[in-house]
Structures are given as structure tokens and as C-alpha cells.
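Dock chain Z against chain H, hints included.
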Amino acid sequence: MAEGFALTEATYYILLSLIKPLHGYGIMQKTEELSGGRVRLAAGTLYGALSALCEKGWILLLPTDSDSRRKEYRLTEKGLAVLRTEVARLRELADNGERVLQEV
Amino acid sequence: MENRKTIRKWYWVWDFEKEENWLNEMALNGWVLESVEYVTYHFVRCEPGEYSVRLEMHPYDEEYRHFMEETGAEYVGRMMMWVYFRKKTDRGPFDLFSDIDSRIRHLDKIGKMLTGIGGANLVIGIVNSFSTSRLGFVNLLCATLLMYALGRIHGKKEALEKERLLHE
Numbered sequence: 038m039a040e041g042f043a044l045t046e047a048t049y050y051i052l053l054s055l056i057k058p059l060h061g062y063g064i065m066q067k068t069e070e071l072s073g074g075r076v077r078l079a080a081g082t083l084y085g086a087l088s089a090l091c092e093k094g095w096i097l098l099l100p101t102d103s104d105s106r107r108k109e110y111r112l113t114e115k116g117l118a119v120l121r122t123e124v125a126r127l128r129e130l131a132d133n134g135e136r137v138l139q140e141v
Numbered sequence: 031m032e033n034r035k036t037i038r039k040w041y042w043v044w045d046f047e048k049e050e051n052w053l054n055e056m057a058l059n060g061w062v063l064e065s066v067e068y069v070t071y072h073f074v075r076c077e078p079g080e081y082s083v084r085l086e087m088h089p090y091d092e093e094y095r096h097f098m099e100e101t102g103a104e105y106v107g108r109m110m111m112w113v114y115f116r117k118k119t120d121r122g123p124f125d126l127f128s129d130i131d132s133r134i135r136h137l138d139k140i141g142k143m144l145t146g147i148g149g150a151n152l153v154i155g156i157v158n159s160f161s162t163s164r165l166g167f168v169n170l171l172c173a174t175l176l177m178y179a180l181g182r183i184h185g186k187k188e189a190l191e192k193e194r195l196l197h198e
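From first to last, the protein sequence lines stand for chains H and Z. Going by our numbering, the first residue of the first sequence is number 38, and it counts up by one from there. Going by our numbering, the first residue of the second sequence is number 31, and it counts up by one from there.
Okay, chain H solo, but in the shape it has when bound:
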């Protein structure tokens, strides 16, 4: 994905949740917590997004003990940079929106 593209809400919250290592269900809970209960990631959506984000190198799968089925993921440096760019883009969107709406 080129820089300047908008992330989906799901991608955004997955990246945000993975500042600290989490497993799949942990990401769903963290997303709900961060969004004050507004954003709920469905399991199928999250599962597909996780493999796509690993392929992009924005997150990585952490090595786990062989007896644990739970897979943990963490944000990479690349993912962090994407997140920072996105936050700046969202701020610009919100600022522009507020400025225009103030004139109404």
C-alpha cells in the first residue's frame, strides 16, 4: 500500500491494539476497549486481516511455545510508521471538517 492511502477501521484498530503483543481474542477486546465499545471486530474479519498484515510486514507473529495454540502478534517498526502517518491523516481530516462546520 502506498503512503497516503486510508486504512480501514479494522486495520487501524488492529495496528493500534498491537503496540503491545496480543493474541487474536485480545485484539478484539482491546479494539472494543479503545473505541469505547463502538468497534467490534468479527473473528473472520480479524483472521483475514492478520494474515494480510503479516504479509505486508506491518505486524509479526511472535514465536510461542509449541504446546500453546494461541498465536501472539506485535506491531513492527514499519507498522508503527504506517500508524503514525494514518493518525496525521486522520487529524487533518478532523481539522478540516471542524473548520468547515464552524462556518455553518
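Rather than coming from a laboratory, the hints here were simulated on the basis of the structure. Computed from a predicted structure; not experimentally measured. Backbone N, C-alpha and C fix where the C-beta goes; we use that ideal spot for every residue, glycine too. Hints are supplied without guarantee of correctness; some may be wrong.
Distance ranges between label pairs, derived from CB positions [as the list claims (entries may be wrong)]: (1) H:A118 / Z:K35: 53 to 61 Å; (2) Z:L171 / H:K108: 40 to 48 Å; (3) H:K93 / Z:L195: 20 to 28 Å; (4) H:T45 / Z:R38: 35 to 43 Å; (5) Z:P78 / H:R136: 48 to 56 Å; (6) H:R75 / Z:P89: 28 to 36 Å; (7) Z:R182 / H:P100: 38 to 46 Å; (8) H:R75 / Z:N51: 20 to 28 Å.
Then chain Z, alone, in the frame of chain H:
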């Protein structure tokens, strides 16, 4: 009172959402899906509305099953390429897809499967039509049906893509 019942039923691939709705209506009426076999559903008594049921086209994937179970869903079974899950409603809402993109990807998956099987039937049908076999028309009939199904799935996908232009 009987505690179990078996219903033989099948559905056209483009009606998979209707099928899911029907399974949820059964659960609302106190019958939850317990296992699936080829065109056969087995239900067991439950409290009305105790469960939600979801189905999805997904190739066999142990990892996905564990992933779902971790979120509180139960694996019910699979029939051909379809996998069935259920979740107790008191453990929170149960959806497999929470945005348009993943719904589109799911339809893509169904479309690829139909294209694969449809294409194979088309080739076999053509080859058989030129050979001594008289069964070529069966494959061509299957291919036609599969192409029709592909069209229906594609229609659903287009509707979602149109929506996706405006929002997620």
C-alpha cells in the same frame, strides 16, 4: 418430548445467507444445530435464542477453528466447503464479518471455488461430448448451473462494492 431432530436440507450456494437466517430461526425456536453431514442437519433442544449460528465458506483449517474457539464460538462441523459455528448469545454478539471488505473477500472465495469447479466441468463436458461417452451433457449442465451461481455471487459482490464506494 424429543430432544433431537434431523432435517435433510440443501441450498443453492447464492442462498447461503438465507440458510444462515433459517438456522438462527431454528435456534430462536429452541433447536440449535449440533452437527452437520452431507445435506443433513442434526439439531438439539436449546433455550429459545440461546445460540447464534454462522456459516462460512472456508477451506479446512485447524488454526481457524482454534482461533474461533478462542473467541467463545463452538465449531459445529463442516459440509463440503462450508464450515458452521455457533456461539451462546450471552457470550456477546456473534458475527464472522464486521466490514464490507471482508464480506467482499468471502464472496471472492466463493466465486473462485465456483469458477474452479465450473471450469473443470466445462472441460470434462467438452471432452466427453467429443468422445463415445454420453455423459458429456451432464458436465455441461453442471457447468451452466455453476456459471449461473457465479453470476448470482458476483451480483452480491457488485452491490457491496457500490456501497464500499461510500463507506466501509
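Hint by hint, here is what the structure shows:
A118 (chain H) and K35 (chain Z) have their C-beta atoms about 56 Å apart, which keeps the hinted 53 to 61 Å range intact. For the hinted restraint 40 to 48 Å between L171 (chain Z) and K108 (chain H), the CB-CB distance of approximately 44 Å keeps it satisfied. For K93 (chain H) and L195 (chain Z), the Cβ-Cβ distance of about 24 Å falls inside the hinted range of 20 to 28 Å, so the restraint holds. Between T45 (chain H) and R38 (chain Z), the C-beta spacing of about 40 Å keeps the proposed range 35 to 43 Å intact.
For the hinted restraint 48 to 56 Å between P78 (chain Z) and R136 (chain H), the CB-CB distance of approximately 52 Å keeps it satisfied. A hinted range of 28 to 36 Å for the beta carbons of R75 (chain H) and P89 (chain Z) is consistent with their spacing of about 32 Å. Taking the beta carbon of each, R182 (chain Z) and P100 (chain H) are about 44 Å apart, inside 38 to 46 Å as hinted. Restraint check, R75 (chain H) to N51 (chain Z): a C-beta distance of roughly 26 Å satisfies the suggested window 20 to 28 Å.
Checked against the numbered hints above, the structure breaks none of them.
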